[in-house]
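S.K.: Residue numbers for the sequence shown follow the numbering used here, so the first one is 2 and each next one is one higher.
Simulated from the structure, these hints should not be mistaken for laboratory data.
Bear in mind the structure is a predicted one, so any value in this text is a computation, not a measurement.
Glycine included, C-beta positions come from ideal geometry on N, C-alpha and C.
There could be a bad hint or two in this list.
Restraint ranges, calculated between C-beta atoms of paired labels, are given here [what the hints assert, rightly or not]:
{"#": "1", "residue 1": "I13", "residue 2": "N114", "range": "42 to 48 Å"}
{"#": "2", "residue 1": "Q38", "residue 2": "V72", "range": "23 to 29 Å"}
{"#": "3", "residue 1": "Q133", "residue 2": "A54", "range": "16 to 22 Å"}
{"#": "4", "residue 1": "V75", "residue 2": "L34", "range": "26 to 32 Å"}
{"#": "5", "residue 1": "P31", "residue 2": "E59", "range": "53 to 59 Å"}
{"#": "6", "residue 1": "A54", "residue 2": "L34", "range": "51 to 57 Å"}
{"#": "7", "residue 1": "A54", "residue 2": "P31", "range": "33 to 39 Å"}
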Amino acid sequence: MRLRNRGGMTIIELLIVIFIISMVFSVALPVTLKTYQRYTASLEAEKVLVLMARVQRESFATGFDSYVRTVDGVIVINDEGNPMPHAFASLNRPIAFYGNGTTSGGEVIVYVNDFTFVVTVTAPFGGMLMTQG
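Please put together the full structure from these sequences, using the hints given.
M.R.: Below you can see the structure in the form of structure tokens.
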């Protein structure tokens, strides 16, 4: 008697493949999820970097000084609040952007969810950098 060769897979082979795929997902999914959360948090923190660049540009364009400080986690520019609902900001000392294009420099620490970012404004020419801290 001759055995027929069926082109399909046995149930055991299918279960082994499903098990292997589930193991790959159980390792990759948490890493991918954390990476995505860090990415979305960095987008929120990047808004602070863009805000600092805008203040610097406007100060230079108008020739008037601007002062950046924080009050209860809200960035305040020349006594005008700029709330960011998903971020909490902190400054050690106010940052001044002068009308001649220079700055006093400083660091803005931005907290988004479980992530911390630092926006550094370097004196005197206002170079800006955001790092995860």
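S.K.: If a hint holds in the structure, say so; if it doesn't, say that too.
M.R.: Each hint tested on the structure:
1. I13 to N114: 42 to 48 Å: With Cβ atoms ~44 Å apart, the hint holds.
2. Q38 to V72: 23 to 29 Å: holds, 28 Å
3. Q133 to A54: 16 to 22 Å: Given a distance of about 19 Å, which is inside 16 to 22 Å, the answer is holds.
4. V75 to L34: 26 to 32 Å: holds, 29 Å
5. P31 to E59: 53 to 59 Å: violated, 43 Å
6. A54 to L34: 51 to 57 Å: violated, 31 Å
7. A54 to P31: 33 to 39 Å: For A54 and P31 the Cβ distance comes to about 35 Å; the hint holds.
This entry does not satisfy hints 5, 6, going by the numbered hints stated previously.
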